[in-house]
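Same order as they appear, the protein sequences are chains A and B.
For reference, each letter of the first sequence is one residue, going 1 to 278 in our numbering.
For reference, each letter of the second sequence is one residue, going 279 to 579 in our numbering.
These aren't lab readings, by the way, just hints derived from the structure by calculation.
Source: prediction; values computed, not measured.
Where is the CB? At the ideal position from N, CA and C, for every residue including glycine.
Treat each hint with caution, since some may be false.
Said to hold, decoys possible - Distance windows between CB atoms, simulated:
# : chain 1 : residue 1 : chain 2 : residue 2 : range
1 : A       : Lys134    : B       : Leu307    : 53 to 59 Å
2 : A       : Leu176    : B       : Ala487    : 49 to 55 Å
3 : B       : Leu431    : A       : Phe262    : 37 to 43 Å
4 : A       : Val22     : B       : Gln489    : 37 to 43 Å
5 : A       : Val22     : B       : Tyr299    : 51 to 57 Å
6 : B       : Val318    : A       : Phe63     : 41 to 47 Å
7 : A       : Ala11     : B       : Pro569    : 36 to 42 Å
Unchecked claim - For lysine-lysine, the following DSBU-like pairs were computed, each having C-alpha atoms within a straight-line distance of at most 35 Å:
#  : chain 1 : residue 1 : chain 2 : residue 2
8  : B       : Lys435    : B       : Lys500
9  : A       : Lys134    : B       : Lys355
10 : B       : Lys384    : A       : Lys9
11 : A       : Lys9      : B       : Lys355
12 : A       : Lys8      : B       : Lys576
13 : B       : Lys385    : B       : Lys294
14 : B       : Lys500    : A       : Lys107
15 : B       : Lys490    : A       : Lys265
16 : A       : Lys9      : A       : Lys107
17 : A       : Lys265    : A       : Lys8
18 : B       : Lys435    : A       : Lys52
19 : B       : Lys490    : A       : Lys9
20 : A       : Lys107    : B       : Lys294
21 : A       : Lys8      : B       : Lys435
22 : A       : Lys9      : B       : Lys435
23 : B       : Lys385    : A       : Lys9
24 : B       : Lys500    : B       : Lys384
25 : A       : Lys8      : B       : Lys490
26 : B       : Lys435    : B       : Lys355
27 : B       : Lys576    : B       : Lys384
28 : A       : Lys61     : B       : Lys435
29 : A       : Lys265    : B       : Lys435
30 : B       : Lys355    : B       : Lys500
31 : B       : Lys385    : B       : Lys500
32 : B       : Lys500    : B       : Lys490
33 : B       : Lys384    : A       : Lys8
34 : A       : Lys265    : A       : Lys74
35 : A       : Lys265    : B       : Lys385
36 : A       : Lys52     : A       : Lys74
37 : B       : Lys576    : A       : Lys107
38 : B       : Lys355    : A       : Lys265
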Amino acid sequence: MKQKFEFKKVASLYIPLLLLLVFILFPFYWTFVTSIKSESELYGMVVTYWPKSLSLESYRKLFTTTVNFVDAMKNSLIVAFITTIVSLATSTAAAYAFSRYRFAGRKVLMCMFLSNNMFPTVLLLIPLYSIMRKMGLLYSPWALVLAYTTFTIPFSVWLLNGFLNDLPITLEEAALVDGCNRGSAFFRIILPILSPCLVATGVYIFMTSWNEYTFAVMFTNTSTRTIPVALKSLIGQLGVQWDLLTAGGIVTIIPVCIMFFFAQKRLVEGLTAGAVKG
Amino acid sequence: MGAVQTKGDLEMVKKKTIWPYLLVAPALLIILCVVFVPVVNAILMSFQSYDLRRPNDIQFIGLQNYINVFQDSLFWKALARTILWVVFGVGFQFLFGFIMALLLNKKFFARGAIRAVSLIPWVTPGVLIGLMWRWIYDGNNGVLNDILLRLHLIDTKIPFLAQINTAFPSVIVAIIWQGIPFFALMILAGLQGIPAELYEAADIDGACASQKLFSITIPSIKNTIYITALLRIIWVANSVDVIFNMTEGGPAYSTQTLSVYIFNKGNALDLGYASSMAIIMALLLSIVAIPYLVSTFKKEV
Numbered sequence: 001m002k003q004k005f006e007f008k009k010v011a012s013l014y015i016p017l018l019l020l021l022v023f024i025l026f027p028f029y030w031t032f033v034t035s036i037k038s039e040s041e042l043y044g045m046v047v048t049y050w051p052k053s054l055s056l057e058s059y060r061k062l063f064t065t066t067v068n069f070v071d072a073m074k075n076s077l078i079v080a081f082i083t084t085i086v087s088l089a090t091s092t093a094a095a096y097a098f099s100r101y102r103f104a105g106r107k108v109l110m111c112m113f114l115s116n117n118m119f120p121t122v123l124l125l126i127p128l129y130s131i132m133r134k135m136g137l138l139y140s141p142w143a144l145v146l147a148y149t150t151f152t153i154p155f156s157v158w159l160l161n162g163f164l165n166d167l168p169i170t171l172e173e174a175a176l177v178d179g180c181n182r183g184s185a186f187f188r189i190i191l192p193i194l195s196p197c198l199v200a201t202g203v204y205i206f207m208t209s210w211n212e213y214t215f216a217v218m219f220t221n222t223s224t225r226t227i228p229v230a231l232k233s234l235i236g237q238l239g240v241q242w243d244l245l246t247a248g249g250i251v252t253i254i255p256v257c258i259m260f261f262f263a264q265k266r267l268v269e270g271l272t273a274g275a276v277k278g
Numbered sequence: 279m280g281a282v283q284t285k286g287d288l289e290m291v292k293k294k295t296i297w298p299y300l301l302v303a304p305a306l307l308i309i310l311c312v313v314f315v316p317v318v319n320a321i322l323m324s325f326q327s328y329d330l331r332r333p334n335d336i337q338f339i340g341l342q343n344y345i346n347v348f349q350d351s352l353f354w355k356a357l358a359r360t361i362l363w364v365v366f367g368v369g370f371q372f373l374f375g376f377i378m379a380l381l382l383n384k385k386f387f388a389r390g391a392i393r394a395v396s397l398i399p400w401v402t403p404g405v406l407i408g409l410m411w412r413w414i415y416d417g418n419n420g421v422l423n424d425i426l427l428r429l430h431l432i433d434t435k436i437p438f439l440a441q442i443n444t445a446f447p448s449v450i451v452a453i454i455w456q457g458i459p460f461f462a463l464m465i466l467a468g469l470q471g472i473p474a475e476l477y478e479a480a481d482i483d484g485a486c487a488s489q490k491l492f493s494i495t496i497p498s499i500k501n502t503i504y505i506t507a508l509l510r511i512i513w514v515a516n517s518v519d520v521i522f523n524m525t526e527g528g529p530a531y532s533t534q535t536l537s538v539y540i541f542n543k544g545n546a547l548d549l550g551y552a553s554s555m556a557i558i559m560a561l562l563l564s565i566v567a568i569p570y571l572v573s574t575f576k577k578e579v
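All chains should be built: construct the whole structure from the sequences, respecting the hints.
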């Protein structure tokens with residue numbers, strides 16, 4: 001009886017789960033394995049599933065060739081960092097207002113922020129390109145920071161509003177009774193409790209700015225381009241340099257993965273709350 | 279959510295004050311500048327011959343761009359392809375996401391870690407997704423060809439992304455791969471909200487697994503599925519980076535969806551024509567976006 005039960009669990013749980021995980025993880029495995037193969041093995045007659053000899057040559061080449069991958073990393077960091085700070089600061093203030101005050105125009109404004117997530121990227125891309133060009137911002141990091149706030153601010157306002165609504169208002173009441181004003185109640189009481197949520201939101205903003213390509217490819221030039229654009233530029237007239245590309249891919253997702261694992265629990269809670277409640 | 283605290287709402291919250299407006303102002307100002315001004319700009323540009331390759335020839339031409347769009351066979355093909363892209367892309371994302379959520383909802387060893395790992399495609403840059411799959415599909419050294427050859431499923435290597443009949447299904451597989459985790463995540467949260475008593479009662483009544491699935495599980499998470507699907511449809515329809523980095527819309531435009539077509543036109547600096555297509559696309563997407571806004575907003579405010 002016990003054995004039959006175990007068999008059922010293997011067939012209905014472990015096997016399908018394993019198949020799905022293989023499908024999900026194989027591209028990463030393949031990218032990693034490619035990046036540590038030697039060039040001759042990579043383009044050899046036989047496809048190998050684990051390198052015969054480990055080689056870190058592609059990583060060395062990535063950071064020393066003309067692609068300027070290090071500069072691209074620096075540009076990506078600057079853009080993602082500024083976007084995160086600007087979006088978090090403005091969104092926290094807006095979300096606090098939506099969560100703690102009832103004021104005329106609140107619903108209209110909230111709806112405006114929510115609807116922003118619905119605009120096609122390409123609809124904003126084209127006029128923003130022409131506006132940035134006229135303002136002389138094209139090819140500066142600010143062009144990307146501004147473009148990224150089009151989706152990071154609405155999203156963060158919505159996410160933080162959800163987090164704030166879950167914090168009992170009685171916390172602030174107590175502080176106000178004790179003689180705090182609203183500002184110091186916010187900084188002394190709310191902000192410390194909210195900080196894990198702010199970190200999760202910040203990680204999300206950072207990741208989306210770090211990963212973004214469509215705006216980046218039009219709004220940057222060779223000296224200001226970000227990692228996704230630099231990755232694509234490895235595909236040249238001489239064909240694709242898969243060793244460099246896969247090494248670049250691994251370098252790109254490692255920081256994202258590390259940040260994501262620290263923030264994922266809270267982030268998932270915030271994301272799913274909106275869709276599940278109600 | 280907001281309704282929870284109505285009783286606790288204090289006088290200070292209701293009191294007329296300028297504070298909420300000041301707090302919303304910075305975010306609002308940025309959004310007005312980077313979203314609403316550009317949208318108005320796009321509407322204006324769509325009525326102009328606005329081609330940056332011919333900067334001295336920018337002028338109002340009325341509906342000419344729209345007339346040209348409707349006579350453009352590439353537009354109609356891209357539109358039809360976008361519908362297939364969304365139906366198959368989101369459809370299979372949902373199917374596999376649902377299966378995955380059902381699996382992850384069971385108890386087993388290292389569940390938390392596996393759940394976190396399986397979310398990685400969702401945080402992977404679209405460029406990298408396009409490039410990883412492009413390498414897997416490669417016609418010479420690609421691993422997919424090698425696996426199929428070893429299994430004797432094919433006799434000669436297939437250049438998946440270079441053939442008209444295989445390129446589009448191949449890019450759809452990549453977008454499915456990207457979207458499974460998000461669906462799984464949302465549905466899993468929905469599943470965990472179903473009260474266990476419902477299943478206990480069904481067990482007492484002697485219901486079988488499929489009966490429980492169709493009469494308890496699916497009805498309970500209907501709303502989650504609906505909202506997630508609408509959101510995914512919008513995202514997938516708007517997605518440019520995955521296709522662009524696999525095929526750039528080729529071969530022979532066979533993978534060019536509407537957003538890729540608009541992006542290509544924008545890259546070619548034909549901004550007026552691109553804008554008019556973007557406006558048409560935004561209007562078409564509002565069929566999905568408006569129900570999403572309504573259903574999200576009803577709950578949240």
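Status of the hints after comparison with the structure:
1. A/Lys134 with B/Leu307: 53 to 59 Å: violated (19 Å)
2. A/Leu176 with B/Ala487: 49 to 55 Å: holds (54 Å)
3. B/Leu431 with A/Phe262: 37 to 43 Å: Holds: the Cβ-Cβ distance is about 42 Å, inside 37 to 43 Å.
4. A/Val22 with B/Gln489: 37 to 43 Å: At roughly 31 Å between Cβ atoms, B/Gln489 and A/Val22 fall outside 37 to 43 Å, so the hint is violated.
5. A/Val22 with B/Tyr299: 51 to 57 Å: Holds - the Cβ-Cβ distance for A/Val22 and B/Tyr299, about 53 Å, lies within 51 to 57 Å.
6. B/Val318 with A/Phe63: 41 to 47 Å: With a Cβ separation near 44 Å, B/Val318 and A/Phe63 satisfy 41 to 47 Å, so the hint holds.
7. A/Ala11 with B/Pro569: 36 to 42 Å: Roughly 39 Å apart at Cβ, these two residues keep to the hinted range, so it holds.
8. B/Lys435 with B/Lys500: Judged against 35 Å, a Cα distance of about 43 Å means the pair is violated.
9. A/Lys134 with B/Lys355: At roughly 34 Å apart (the allowed maximum being 35 Å), B/Lys355 and A/Lys134 satisfy the hint.
10. B/Lys384 with A/Lys9: holds (10 Å)
11. A/Lys9 with B/Lys355: Violated, because 47 Å separates the two Cα atoms, which is more than 35 Å.
12. A/Lys8 with B/Lys576: violated (43 Å)
13. B/Lys385 with B/Lys294: Violated, at about 52 Å.
14. B/Lys500 with A/Lys107: Given that 35 Å is the threshold and the Cα spacing comes to 26 Å, the pair holds.
15. B/Lys490 with A/Lys265: holds (29 Å)
16. A/Lys9 with A/Lys107: Violated. A/Lys9 to A/Lys107 sits at ~49 Å, over the 35 Å cutoff.
17. A/Lys265 with A/Lys8: holds (31 Å)
18. B/Lys435 with A/Lys52: holds (24 Å)
19. B/Lys490 with A/Lys9: holds (18 Å)
20. A/Lys107 with B/Lys294: holds (16 Å)
21. A/Lys8 with B/Lys435: violated (39 Å)
22. A/Lys9 with B/Lys435: violated (38 Å)
23. B/Lys385 with A/Lys9: holds (11 Å)
24. B/Lys500 with B/Lys384: holds (20 Å)
25. A/Lys8 with B/Lys490: holds (18 Å)
26. B/Lys435 with B/Lys355: holds (29 Å)
27. B/Lys576 with B/Lys384: holds (32 Å)
28. A/Lys61 with B/Lys435: Holds - the C-alpha atoms of B/Lys435 and A/Lys61 are around 30 Å apart, at most 35 Å.
29. A/Lys265 with B/Lys435: violated (43 Å)
30. B/Lys355 with B/Lys500: holds (33 Å)
31. B/Lys385 with B/Lys500: holds (23 Å)
32. B/Lys500 with B/Lys490: holds (14 Å)
33. B/Lys384 with A/Lys8: holds (13 Å)
34. A/Lys265 with A/Lys74: At roughly 28 Å apart (the allowed maximum being 35 Å), A/Lys74 and A/Lys265 satisfy the hint.
35. A/Lys265 with B/Lys385: holds (18 Å)
36. A/Lys52 with A/Lys74: holds (34 Å)
37. B/Lys576 with A/Lys107: Holds - the C-alpha atoms of A/Lys107 and B/Lys576 are around 11 Å apart, at most 35 Å.
38. B/Lys355 with A/Lys265: violated (42 Å)
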